[in-house]
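Visitor: Sequence:
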Amino acid sequence: MLKFFLKRFFSAIFTLFLISTITFFLMKAIPGGPFSKNEKLSDRVRESIEEKYHLNDPIHKQYLDYMAGLLKGDLGPSFARPGVEVSDLMKQGFPISASIGGFAILMVILIGVPFGIIAAIKQNKAPDYAISFLSTLGVCIPSFVLATLFIFVFCYKLNILPSNGLDSWKHYIGPVVALGGFSLAFVTRLTRSSMLEIMQQDYIRTARAKGLPESVVLFKHGLRNALIPVVTYIGPTVAAILTGSFVVERIFALPGMGKHFTDSVGNRDYTTLMGATIVFAALYLVMILIVDVLYVVIDPRIKFD
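In UniProt numbering, the protein residues as written are 1 to 305.
Because the hints were derived from the structure by calculation, they are not lab data.
Watch out, some of these pointers could steer you wrong.
Unchecked claim - Pairs of lysine-lysine residues, derived as DSSO-like cross-links and limited to a Cα-Cα distance of at most 30 Å, are as follows: (1) K91 to K210; (2) K72 to K3; (3) K210 to K122; (4) K220 to K210; (5) K28 to K52; (6) K61 to K122; (7) K259 to K72; (8) K220 to K122; (9) K28 to K259; (10) K61 to K72; (11) K72 to K7.
Using the sequences and the accompanying hints, generate a full structural model.
Guide: Set out below in structure tokens:
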């Protein structure tokens with residue numbers, strides 16, 4: 001196990017290095033800079049600001065300086081917010097995105113998996129048709145459309161839920177539903193199809209022939225193996241949901257990482273964009289490692305080596 005973790009750790013570090021490098025040079029390839037859009041600045045003032053942030057240095061020096069700071073945990077200053085560090089923006093935005101994402105993940109797991117099991121058990125019956133229809137509908141509707149419809153129906157027409165902010169538990173309902181709607185529908189369909197495939201395997205027939213209770217056959221032998229593709233999907237999805245959907249956070253006016261990311265793109269705030277990308281990539285790599293460990297826990301036939 002130690003060899004497995006060390007191998008994955010160094011692999012993750014190298015992957016994060018490549019992501020940081022590629023993102024850095026792609027941003028620098030875009031014409032203009034973080035202060036070029038500000039027409040109020042004179043050329044002399046703009047040059048002075050760029051010199052302050054070392055934007056006039058050769059690109060290879062900018063890259064080496066940034067990577068040296070990154071090794072120390074320094075994500076640099078925000079160009080769009082003078083006096084504010086990118087690490088402080090991440091500390092402010094990530095808890096908001098993570099709180100919404102955490103509830104969305106719980107919704108996906110606690111509703112999606114049971115619904116998929118029910119649909120598989122009741123195959124070609126009314127519950128299966130109803131769940132399949134709703135899950136297909138959920139997969140087809142993008143998150144930003146779902147968010148807009150939610151606000152229109154529940155916030156403006158019915159006026160029973162707030163449309164922005166996070167002041168009470170009611171404020172979480174809209175963002176959580178919009179953020180986790182697609183994943184909920186997809187996990188439901190994936191669990192159903194995986195369960196149907198597993199329940200037709202020979203070892204399931206053998207378990208039933210031994211006279212084991214149907215609940216044991218279903219949950220101990222069937223569900224445990226059916227969860228492998230579900231865990232494969234949920235792992236990276238957790239990283240995406242925890243960092244927040246940029247569009248959903250915009251629609252509900254939430255000051256999470258999505259807002260900082262979209263603002264940094266529009267303002268060409270290189271350091272904030274790099275910081276958000278690195279945080280997402282690191283979380284993504286961690287979730288992939290957790291998924292690999294869960295494989296062994298779920299199915300003992302899978303070994304670390």
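Visitor: Each hint: holds or not?
Guide: Each hint, compared with the structure:
1. K91 to K210: Violated, at roughly 55 Å.
2. K72 to K3: With a Cα-Cα distance of about 26 Å, the restraint between K72 and K3 holds, given a limit of 30 Å.
3. K210 to K122: 23 Å, holds
4. K220 to K210: 14 Å, holds
5. K28 to K52: 17 Å, holds
6. K61 to K122: Measuring from Cα to Cα gives roughly 63 Å; hence the hint is violated.
7. K259 to K72: 26 Å, holds
8. K220 to K122: 19 Å, holds
9. K28 to K259: 22 Å, holds
10. K61 to K72: 17 Å, holds
11. K72 to K7: 23 Å, holds
Figure legend: structure checked against the earlier numbered hints; hints not met, in rising order: 1, 6.
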